[in-house]
Amino acid sequence: MAEFATLHDAIQDLVPDGATVAMEGFTHLIPFAAGHEMIRQGKKDLTLVRMTPDVIYDQMIGMGLARKLVFSWGGNPGVGSLHRFRDAVEHGYPAPLELEEHSHAGMAARYAAGASGLPFAVLRAYVGSDLVKHTEVASIHCPFTGEELAAVPALNPDVAVIHAQQADRQGNVGMWGITGVQREAVLGARKAIVTVEEIVDELSHRGPNNVVLPSWTVAVVACVPHGSHPSYSMGYSTRDNAFYTEWDLISRDRDLFARWIEAFVIGTEDHAAYLSAISAQPQGKEALGG
Amino acid sequence: MAEFATLHDAIQDLVPDGATVAMEGFTHLIPFAAGHEMIRQGKKDLTLVRMTPDVIYDQMIGMGLARKLVFSWGGNPGVGSLHRFRDAVEHGYPAPLELEEHSHAGMAARYAAGASGLPFAVLRAYVGSDLVKHTEVASIHCPFTGEELAAVPALNPDVAVIHAQQADRQGNVGMWGITGVQREAVLGARKAIVTVEEIVDELSHRGPNNVVLPSWTVAVVACVPHGSHPSYSMGYSTRDNAFYTEWDLISRDRDLFARWIEAFVIGTEDHAAYLSAISAQPQGKEALGG
Amino acid sequence: MVDLLSHDMTYTSDEMMTVTASRKLVDGQVCFVGIGLPSEAANLARLSHAPNVVLIYESGTIGTKPEILPLSIGDGELAERADLVVSVPEVFAYWLQAGRIDVGFLSAAQIDRFGNLNSTVVGCYEDPKVRLPGAGGAPEIVSSAGEVIVMLRHTERAFVPSVDFVTSVGFGRQGEGRAGHAGAGPTVVITDLGVLAPDPTTHELTLVATHPGVEVSEVLSHTGWDLLVADPVVITEPPTPEELGILRDLVARTKEAHSR
Amino acid sequence: MVDLLSHDMTYTSDEMMTVTASRKLVDGQVCFVGIGLPSEAANLARLSHAPNVVLIYESGTIGTKPEILPLSIGDGELAERADLVVSVPEVFAYWLQAGRIDVGFLSAAQIDRFGNLNSTVVGCYEDPKVRLPGAGGAPEIVSSAGEVIVMLRHTERAFVPSVDFVTSVGFGRQGEGRAGHAGAGPTVVITDLGVLAPDPTTHELTLVATHPGVEVSEVLSHTGWDLLVADPVVITEPPTPEELGILRDLVARTKEAHSR
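Chains as they are written, first to last, in my numbering: chain A, 1 to 290; chain B, 1001 to 1290; chain C, 2001 to 2260; chain D, 3001 to 3260.
Read the hints as simulated data drawn from the structure, not as lab findings.
Any given hint might turn out to be false.
To be verified - What follows is a set of in silico ranges between Cβ atoms, one per label pair, in the way DEER data are often shown:
| hint | chain 1 | residue 1 | chain 2 | residue 2 | range |
| --- | --- | --- | --- | --- | --- |
| 1 | C | A2257 | B | A1272 | 48 to 54 Å |
| 2 | C | T2012 | B | A1258 | 38 to 44 Å |
| 3 | D | Q3174 | A | H141 | 24 to 30 Å |
A virtual CB, placed ideally from N, CA and C, is assigned to each residue, including glycine.
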């Protein structure tokens, strides 16, 4: 059965330095609050796993929390580059970042194998792509037809962190809309932390695509309203598109980035304080004289 | 886009003699009406595929429609044996029945591989079971860990036949409740026939477990109310448990079975006629002086 | 709450078997349940001492809390009272194979000295005396579940020296053990006469308990091989009035519902 | 219906590119759509001549009918207006890999003479000049889709003799072809200047059309290699008032919605 805890305690207790952490989401339900808490707690040497690393990973990488990134597409959705990620890869600032890079199909299959208790997955992928020279892909033959296919190793993160719309009082988690690979990340991980918008008496299954994670598949549930800001939680909040655009400017400049993190993350004691700081100064960049 | 047709035309046009046909369902939404129509049309040399062959396959096998059965559990759910199936296997009556037998895990993985466009599936299964001596299972090694696992060939039936609660006017199919392996059967088959309880303006997604099959993944939709009798369609009908019990008696006796099929299937021109015959003489056995 | 006075305190051997099996489930365990006797015992456990047991049926219902016993693996009752319903490929891949199951709870047509289970054929495969339904989910439940509870009625036809067909491996034809399996296999076999458990070293099934009023000789005469007998053999605690009351209410509710 | 008079009949080169790309989609096709330019062109097609085109986004939305263009691959608009929403592992396994996609519709940072696409790095992988976002779904879209429509703006930086990194294979480094791929690969490349297509035998990209007012010399000067030119080179039909009207309404609706 999942336990209920504060986000602070969940991150402190379940995310040791050096852990392999998958914070999943496909631009919907991104666990920003959990990432900010890892920055506040100064986590170190993390291996970050995610199909689509975006602004929260940009922030964590920019603060030097990550030793390695396992991914398939890293960008600021609808805007462009992740400048902190690029600075780390292109200039080793603030620290070098090791990359383990796949295609979406490969990453999705790796998560599914992890959730299935298999050591690897088989798929049609990577044919002729230079990716095979830079990542762990093997070739495997069908024992019945002889056909050659690709094999990729399973993903079993130490900790999966996701944001969902609801949990009931028994800790069963309910989410809907675009749920990406979150279910596989949770089922494949050794432990899972789920932040939710709301604790309810009964999951409301507002669909489309209702997904339930039973309480016993989750280690800790933390109630963090708007825990996905600037991403969104269908039925609870809309995407703060202006923030993503603004992030392009903030993240281009090392000092401006550092000041933003200081003012809005390290300088706020929790997500509620972050939200009031953001709403008090929506134009973060100007507020910082950037 | 799916076409709308009568069940008679769908079976006549899409199910040639000798076809490999998967009529799936996990005691819920069993496509009985479609099976009866195959009996009426006297289909021959079929390879029948199903994880859980039950009374409808017992009837088709008893009438000699099947050359081969691909399955993992064959029984009368909650009652006992399938006597026509047993008579075919034990005594070759009315004709010998070739068996291709797997475990549920293996059959489910075979369907999923078929739906994924892969030639085989990898799973942890069959270790030490005598099934491996009598079915097509290969051993395969993980290219990363060296671990030995089982491989089974994909299932891609010529035709999948399922029963669902609803289709909308564009032919999109909606079902809910226990949906077993029906989605994989349809997506893995070359063509799919779906009988539905009702044609609606908009799918009502009454859940749990709402499943949608887009119109373009289905060849033909036929509206056949109560097309799953004596099985059930959640939200539309309840299971006729008395029939399953009675079937045990009817199917034990070759002549009684033949008379029942004559009276209730061959003697009825379509499913509506079958339903009125059944409701007029619910005690089929006594009615036949069995 | 159950009104004890309303229940006859004598009980049948099937009731003793079901109650004994239900006691083996520990509250909070995740249990993959077969239809029939195992389903009855697992739900008795859920309605009595193990309210938080998680029941998974191979039709894809997870966290199933039926008010009446299902006749079939796909009864609507299972879907309507589940925490979630998933596809059959998923229940086997993401839930059973992934090692999330603490206890597998099933029956079989034959069991042998080393706990191997047969639900495929009596006689030889190519020309069977009796063609049984087949494997279903059993081989992988017995392989992957943390441990397995087996329930079947105690007859010489069911308890054979060596099964005609190994559908699901217990400890192997020669009792060689569990190499290649994630789970511990059949740790207990519960019948209408008593309880058997594999010897820790030889893996041979051994009579460890008899139900009240059952003689050891009676168990031996119903077993198709020279059954080892533990010393001492425990006598099973008879069903409590509460256990019997809950079980009989469940069975009565079920009969009533299915006769509608 | 669109009021033609309300629209300025001059148009931009981006509009010409989007309209040209949208015309390549045939009604009823199943199309796997990338975000950005491809998504704009695919939805223009859906709102004009191809109302029954099936749009699939890699976030798992199938039969997607957005009223406004998504800013990101995971916008709620996509989920709310889809026939169904599935998980990401499923969209790649059951839908793309299974061969259900007629047309893949995407962009890239670099394309070369043989239609190979790069969205990974500019420079060398270990020490890149520019680290690009990466592969995403592209390698398997280009491999598995029946054919692929590529859209990108025509610059010397984008049209290079040989891509720095083959993220997704067109016809190979030496134009060797499509062995090992289910689909036909990039059958057309649409830019803001014109249209390129691979030579049927050599697979080398060839200029087959220019947009109105664009000189062939202008296309050549924006291409990083000696671009083959078909004879004759067709002139693209300019956008019709209806196409422009629908596109501009879509873009205006989108701006309005995202500025809220």
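The hints, checked one at a time:
For the pair C/A2257 and B/A1272, the beta carbons lie near 29 Å from each other, so the given range of 48 to 54 Å is not met. A beta carbon spacing of about 39 Å between C/T2012 and B/A1258 agrees with the range 38 to 44 Å that was offered as a hint. Distance hint check for D/Q3174 and A/H141: the Cβ-Cβ separation is about 26 Å, which falls inside the suggested range of 24 to 30 Å.
The structure fails hint 1 only (numbered hints given earlier).
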